[in-house]
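Asks: Top line first, the protein sequences correspond to chains A and B. Everything in the first sequence is counted per our numbering, starting at 1 for the first residue and increasing by one. Everything in the second sequence is counted per our numbering, starting at 57 for the first residue and increasing by one.
No lab work stands behind these hints: they were computed from the structure. Glycine included, C-beta positions come from ideal geometry on N, C-alpha and C. Worth double-checking, as some hints may not be accurate.
If you only want the chain B side, here are some residues facing chain A, beta carbon under 10 Å, derived [what the hints assert, rightly or not]: (1) 77; (2) 79; (3) 195; (4) 202; (5) 207.
The calculated label-pair distances, taken between Cβ atoms and stated as ranges, are [stated by the list, open to error]: (6) B:234 - A:28: 47 to 57 Å; (7) B:174 - A:54: 42 to 52 Å; (8) B:221 - A:27: 47 to 57 Å; (9) B:189 - A:27: 20 to 30 Å; (10) A:31 - B:228: 21 to 31 Å; (11) B:106 - A:46: 19 to 29 Å.
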Amino acid sequence: MARNYPITIGSFLRPTPRCPSDPRPNVLVMRVMFFGYLFVVIFGLVFAIVTGFVSA
Amino acid sequence: MRFVRRNGLGLFFGVLFLLALVGQSVAGHAEYNNQEVAVANLAGERPNEISYANYLTSPEFSRDVMENWQSEYLQFLLYILATVWFIQRGSPESKRPGEEGTEDEERQRLGTHAEADSPAPVQIGGMVAKLYSNSLLLLMGGVFLAAWFAQSITGWPAYNSEQADFGMPTVSWFGYLGTSDFWDRTLQNWQSEFLAVGSMAVFAIYLRQRGSPESKPVGSSHESTGVEG
Numbered sequence: 001m002a003r004n005y006p007i008t009i010g011s012f013l014r015p016t017p018r019c020p021s022d023p024r025p026n027v028l029v030m031r032v033m034f035f036g037y038l039f040v041v042i043f044g045l046v047f048a049i050v051t052g053f054v055s056a
Numbered sequence: 057m058r059f060v061r062r063n064g065l066g067l068f069f070g071v072l073f074l075l076a077l078v079g080q081s082v083a084g085h086a087e088y089n090n091q092e093v094a095v096a097n098l099a100g101e102r103p104n105e106i107s108y109a110n111y112l113t114s115p116e117f118s119r120d121v122m123e124n125w126q127s128e129y130l131q132f133l134l135y136i137l138a139t140v141w142f143i144q145r146g147s148p149e150s151k152r153p154g155e156e157g158t159e160d161e162e163r164q165r166l167g168t169h170a171e172a173d174s175p176a177p178v179q180i181g182g183m184v185a186k187l188y189s190n191s192l193l194l195l196m197g198g199v200f201l202a203a204w205f206a207q208s209i210t211g212w213p214a215y216n217s218e219q220a221d222f223g224m225p226t227v228s229w230f231g232y233l234g235t236s237d238f239w240d241r242t243l244q245n246w247q248s249e250f251l252a253v254g255s256m257a258v259f260a261i262y263l264r265q266r267g268s269p270e271s272k273p274v275g276s277s278h279e280s281t282g283v284e285g
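Kindly generate the complete structure, drawing on both the sequences and the hints.
Replies: Rendered as structure tokens:
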């Protein structure tokens, strides 16, 4: 079943084909939600770690 | 409006998070300055109150945020891991008895059982699919470790600042990891998370919330396991 897909972050979120229950899935919105949360978490962690090192 | 309706869960908690964080920063700033005044009065000195902006970049604020973050991500890390291997009879949070473990490839739609709409890493197979099979756990675990480290690296200067206020000796980062302050802050969060997540799994055996996927259907028997509403 192996195929030659490029391995990128985007490929992990590759849009899936349409399904009958959701004929026009808005993949962009799901990606924005995913990366929005990821950004908040990573920003918070980096902010805190930098704050700690600067204050130490 | 369709965007809001279809992403309500993520948006709802995102907004709640921001409101709570702002509230915490305002209350934390006030508490920080109250402590400064109290300590200064005890020492007969002039209080060194700080601005809101300075509080936001203080180790005290980041420490308080990070000690909660690490425990929340630990909670979900352990919950994801424990629900792979442990069963709780009657709980909608649990798999059915006999389904313990990582399950076979057919059930997980892996390898030759991958489908046309399976995610790309599953189509690629091999190590990439194996990594993707544990990606949620890896992310949660990574955030937990990073947040716990951030708690220690921000708690350390905050602890030393308090020590200096009272004329006590300061400690190194490794020294801080062995202090009761670090472990008190860590374990007070862990205990509440473990109780809450255990309660969720067990209370849902006998109690219901109509319409919630975290609950069994209202009419489900108490013995039914792994059935979500």
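Asks: Does residue 207 of chain B hold up as a contact with chain A if the rule is Cβ-Cβ below 10 Å?
Replies: It holds, given that the least Cβ distance between residue 207 of chain B and chain A is near 8 Å, below 10 Å.
Asks: Closer than 10 Å between Cβ atoms is the bar; does residue 202 of chain B clear it against chain A? Give me holds or violated.
Replies: holds (5 Å)
Asks: A range of 20 to 30 Å was offered for this pair. Does it hold for the Cβ distance of residue 189 of chain B and residue 27 of chain A?
Replies: holds (22 Å)
Asks: Between residue 174 of chain B and residue 54 of chain A, does the beta-carbon spacing fit 42 to 52 Å?
Replies: holds (45 Å)
Asks: Residue 77 of chain B was flagged as interface toward chain A. Is the shortest Cβ-Cβ separation under 10 Å?
Replies: Status holds, d = 9 Å.
Asks: Close enough to count: is the Cβ of residue 195 of chain B nearer than 10 Å to one in chain A?
Replies: Holds - the Cβ of residue 195 of chain B comes within 10 Å of chain A, reaching about 8 Å at its closest.
Asks: Look at the Cβ atoms of residue 31 of chain A and residue 228 of chain B and judge whether their distance stays inside 21 to 31 Å.
Replies: Given a distance of about 43 Å, which is not inside 21 to 31 Å, the answer is violated.
Asks: Look at the Cβ atoms of residue 234 of chain B and residue 28 of chain A and judge whether their distance stays inside 47 to 57 Å.
Replies: With a Cβ separation near 49 Å, residue 234 of chain B and residue 28 of chain A satisfy 47 to 57 Å, so the hint holds.
Asks: Hey, does the residue 79 of chain B contact hint survive, CB to chain A under 10 Å?
Replies: violated (16 Å)
Asks: Just tell me: holds or violated, for the beta carbon distance of residue 221 of chain B and residue 27 of chain A against 47 to 57 Å?
Replies: holds (54 Å)
Asks: With 19 to 29 Å as the target window, see if residue 106 of chain B and residue 46 of chain A comply at their CB atoms.
Replies: The hinted range 19 to 29 Å holds for residue 106 of chain B and residue 46 of chain A, with Cβ atoms some 22 Å apart.
When the structure is compared with the earlier hints, violations turn up for hints 2, 10 and for no others.
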